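Q: Generate coordinates for the entire structure from the input sequences, incorporating the hints supplied.
Protein chains: 2
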Amino acid sequence: MGEFELIRHYFAAAPCAQGGEGVALGIGDDCALLSVAAGEQLAISTDTLVAGVHFPAVCDPFLLGQRSLAVAASDLAAMGATPIGFTLALTLPDVQADWLQAYARGLNQMAQACRLSLIGGDTTRGPLSLTMTVFGRVPQGLALTRSGARAGDLLCVGAELGNAAGALPLVLAERQAEPAVAEPLLAHYWSPSPQFALGQALRGKATSALDISDGLLADCGHIAKASQVALQVELERLPVSDALQALLGREGARQAALAGGDDYVLAFTLPEAQLAPLQAAGWPVHVIGRVASGTGVSLVDGQGRDITPVTRGYQHFREQP
Amino acid sequence: MGEFELIRHYFAAAPCAQGGEGVALGIGDDCALLSVAAGEQLAISTDTLVAGVHFPAVCDPFLLGQRSLAVAASDLAAMGATPIGFTLALTLPDVQADWLQAYARGLNQMAQACRLSLIGGDTTRGPLSLTMTVFGRVPQGLALTRSGARAGDLLCVGAELGNAAGALPLVLAERQAEPAVAEPLLAHYWSPSPQFALGQALRGKATSALDISDGLLADCGHIAKASQVALQVELERLPVSDALQALLGREGARQAALAGGDDYVLAFTLPEAQLAPLQAAGWPVHVIGRVASGTGVSLVDGQGRDITPVTRGYQHFREQP
Numbered sequence: 006m007g008e009f010e011l012i013r014h015y016f017a018a019a020p021c022a023q024g025g026e027g028v029a030l031g032i033g034d035d036c037a038l039l040s041v042a043a044g045e046q047l048a049i050s051t052d053t054l055v056a057g058v059h060f061p062a063v064c065d066p067f068l069l070g071q072r073s074l075a076v077a078a079s080d081l082a083a084m085g086a087t088p089i090g091f092t093l094a095l096t097l098p099d100v101q102a103d104w105l106q107a108y109a110r111g112l113n114q115m116a117q118a119c120r121l122s123l124i125g126g127d128t129t130r131g132p133l134s135l136t137m138t139v140f141g142r143v144p145q146g147l148a149l150t151r152s153g154a155r156a157g158d159l160l161c162v163g164a165e166l167g168n169a170a171g172a173l174p175l176v177l178a179e180r181q182a183e184p185a186v187a188e189p190l191l192a193h194y195w196s197p198s199p200q201f202a203l204g205q206a207l208r209g210k211a212t213s214a215l216d217i218s219d220g221l222l223a224d225c226g227h228i229a230k231a232s233q234v235a236l237q238v239e240l241e242r243l244p245v246s247d248a249l250q251a252l253l254g255r256e257g258a259r260q261a262a263l264a265g266g267d268d269y270v271l272a273f274t275l276p277e278a279q280l281a282p283l284q285a286a287g288w289p290v291h292v293i294g295r296v297a298s299g300t301g302v303s304l305v306d307g308q309g310r311d312i313t314p315v316t317r318g319y320q321h322f323r324e325q326p
Numbered sequence: 006m007g008e009f010e011l012i013r014h015y016f017a018a019a020p021c022a023q024g025g026e027g028v029a030l031g032i033g034d035d036c037a038l039l040s041v042a043a044g045e046q047l048a049i050s051t052d053t054l055v056a057g058v059h060f061p062a063v064c065d066p067f068l069l070g071q072r073s074l075a076v077a078a079s080d081l082a083a084m085g086a087t088p089i090g091f092t093l094a095l096t097l098p099d100v101q102a103d104w105l106q107a108y109a110r111g112l113n114q115m116a117q118a119c120r121l122s123l124i125g126g127d128t129t130r131g132p133l134s135l136t137m138t139v140f141g142r143v144p145q146g147l148a149l150t151r152s153g154a155r156a157g158d159l160l161c162v163g164a165e166l167g168n169a170a171g172a173l174p175l176v177l178a179e180r181q182a183e184p185a186v187a188e189p190l191l192a193h194y195w196s197p198s199p200q201f202a203l204g205q206a207l208r209g210k211a212t213s214a215l216d217i218s219d220g221l222l223a224d225c226g227h228i229a230k231a232s233q234v235a236l237q238v239e240l241e242r243l244p245v246s247d248a249l250q251a252l253l254g255r256e257g258a259r260q261a262a263l264a265g266g267d268d269y270v271l272a273f274t275l276p277e278a279q280l281a282p283l284q285a286a287g288w289p290v291h292v293i294g295r296v297a298s299g300t301g302v303s304l305v306d307g308q309g310r311d312i313t314p315v316t317r318g319y320q321h322f323r324e325q326p
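Those protein sequences? They're chains W and X, same order as listed.
Residues in the first sequence are numbered consecutively from 6, following our numbering.
Residues in the second sequence are numbered consecutively from 6, following our numbering.
There could be a bad hint or two in this list.
Since the list gives no way to pick one copy over another, a pair counts as held whenever it fits inside one copy or between any two copies.
[Said to hold, decoys possible] Okay, derived cross-link-like pairs now, EDC-like style, lysine to aspartate or glutamate, Cα gap no bigger than 20 Å in a straight line: (1) Lys210 / Glu277; (2) Lys230 / Glu10; (3) Lys210 / Glu183; (4) Lys230 / Glu8.
These aren't lab readings, by the way, just hints derived from the structure by calculation.
A quick note: this is a predicted structure, and the numbers were derived from the prediction, not measured.
A: Listed below in structure tokens is the structure:
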């Protein structure tokens, strides 16, 4: 048996690869088979992470295992989908048992936390990269898309913003911080928590949604474009963490919240009448602005004055990777 | 708009990305949405191709576009699935418009030939590699797996074997041949035809199936193991093409048929009573051996004598990549 075939057997033996709800046939045949209940649709998303581009070429493989799956799975949360499973296409320059075991442990931990079954994949030799394709189910007609925002809706996010951007200089060892500051930021970067439960709670309520991966302003631009509306983000309403403010100061934290990538927090639009019941039920819904008629994304102050030009410089963050 | 975002728009505008049967939501949101009819299951497979490992680093991007999708889609044929769609995770070192356009044309041509809709993906910067995840539908309980072969069944293949292995020295420019020999072999390598129709015709008839990607003997080993049976391959029954024999001679052609990879031809087991009706209906069913009780794969001559030791040397081809 070749070493890459051994890796396949190794992943196939992971707890997260032993099947789960909706998985009719898992790893080991030409295809996996998923069962989809009548009245449900299958949600699918693919993400690639390349070493040196999307994560440091030298990093903790356990943390990478967690993060690589969470990043992909967050797209399911953004559609309001219930997780089913994922495939892993893993390209490795060579086989290092320690690395693989730690990576698989991190992957497995996140998979079980997300209730995602590993249903298949491919393992090949080449420069380190990971492609995850994730699968979820959602009742027909209730998937949260980017295209339904209407003028008058509230613009909301599901958690504090900018933590991952704050963590990045720590991840890259360009900067240091005391543990009370560094730890929560690094945890957010390496082990994001896809907001599945919030996404499901927003079914039939939010008019649009996505997960923030490219930065709030850039991603709001995607909603504005798909929905053919304007979005106004109110600078002073941006929720930021104490740790982020301690690291970057108030202004720096706001900049990270506006333009930083990798948050994997839901952004969504909501008819005003939906707000109170969701908040009363304990859902983390932070209102950060409004939907208006028009196009594009603008930044406003507490009095509704347009202060967008100040932040034009952020727009280069829209480019990816 | 960044150049990688431009690429995404470019693929999103391809004819194969305009939706199709079963595609409720295509490219452009956090997830694609597929509809699966009641009584059907979704078949899923992922394949990665890395430049310099699975295809020459310098090659015709149009041909690569065709081949990269066909290789992945062949797994759907092997399950007896009807194609629905695919995602493409494309990692590129830089953006070369000519290369991308040719690649996309080849991809689109194969996608339309296979009736596969491009439903999503990711485009990232890094060393050239391609990960395709393909989706098909199959009536519940009728997917062709590797695990149902029974002693007494016939072992069959769906087309001539070894053509891609014969083409490889031509692809790598290690060898030349006259056009009448080279062209059919190169066509088989660069533009394999996944046997979807045959796979669907075998639903409820074949007891096991897969597509030959690692070489006949290695892949028969997968059926033998999954089904807990022995497979006997009769050397003189192996179907090989005139072009392959012209290039490699009779013995060389048989070796290519036994051990060569990349055929993407179906191998399957069939109760004897199923053979005549399938052949009468015009399906390309070539009997190449038998299923017996026991384990492993053996090679036999026309008199049923075990001649396996002669070919032991092939086993190193089982290792991948």
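Q: From the Cα coordinates, with 20 Å as the cut-off, is the pair Lys210 and Glu277 best called within, between, both, or neither?
A: Answer is within: at 10 Å inside a copy they meet the 20 Å cutoff, but 58 Å across does not.
Q: Could you figure out if Lys230 and Glu10 sit no more than 20 Å apart (CA to CA) within one copy, between two copies, both or neither?
A: Close across copies (14 Å), not inside one copy (45 Å); limit 20 Å.
Q: From the Cα coordinates, with 20 Å as the cut-off, is the pair Lys230 and Glu8 best called within, between, both, or neither?
A: For Lys230 and Glu8, only the inter-copy Cα distance (19 Å) is at most 20 Å; the intra-copy one is 47 Å.
Q: Measure nothing new, just compare the shortest in-copy and cross-copy C-alpha distances for Lys210 and Glu183 to 20 Å and report within, between, both or neither.
A: The answer is neither: 41 Å in one copy and 66 Å across copies each exceed 20 Å.
When the structure is compared with the earlier hints, a violation turns up for hint 3 alone.
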